[in-house]
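Engineer: Sequence:
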Amino acid sequence: ETVGEISGEGLCVLVGVTHEDTEEQAARLARKLWSLRVLDEERSCSDTGAPLLVISQFTLYGDARKGRRPTWSAAAP
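Heads up: the sequence shown runs through residues 732 to 808, numbered per my numbering.
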């Protein structure tokens, strides 16, 4: 089952969230992503109306320093 997709130009963003992150930080990140000039001709999603597909990726906070199994305790629930 497909729950999200981008057809044409747009951004797919993997976002890691931790317990300490706030709604204010999330809003700032969303504004930043919307206005980043990373598309053709130095345009942003806000310039072109291109979609942002944001995916929560808890594995970005994986910690494998000890043992053979990573822990994701730093990731937000």
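Read the hints as simulated data drawn from the structure, not as lab findings.
Any given hint might turn out to be false.
Ranges between beta-carbon positions, derived for each pair [unchecked claim]:
(1) Q788 / A758: 38 to 46 Å
(2) T779 / E732: 39 to 47 Å
(3) R796 / R768: 24 to 32 Å
(4) K797 / G739: 40 to 48 Å
(5) E773 / C743: 18 to 26 Å
Small disclaimer: the values here were computed from a predicted structure and weren't measured.
Beta carbons are placed, not taken as given, at the ideal position from N, Cα and C, and that holds for glycine.
Engineer: Please go over all the hints and tell whether each is borne out by the structure.
Structural biologist: Checked hints:
The hinted window of 38 to 46 Å between Q788 and A758 is violated, with their beta carbons roughly 19 Å apart. At about 28 Å, the beta-carbon gap between T779 and E732 misses the expected band of 39 to 47 Å. In this structure the hint that R796 and R768 lie 24 to 32 Å apart at CB is violated, the actual value being about 37 Å. Between K797 and G739 the Cβ separation comes to about 44 Å, which falls inside the hinted range of 40 to 48 Å.
The hint said 18 to 26 Å for the Cβ distance between E773 and C743, and at roughly 19 Å that hint holds.
Checked against the numbered hints given earlier, the structure breaks hints 1, 2, 3 and satisfies all the rest.
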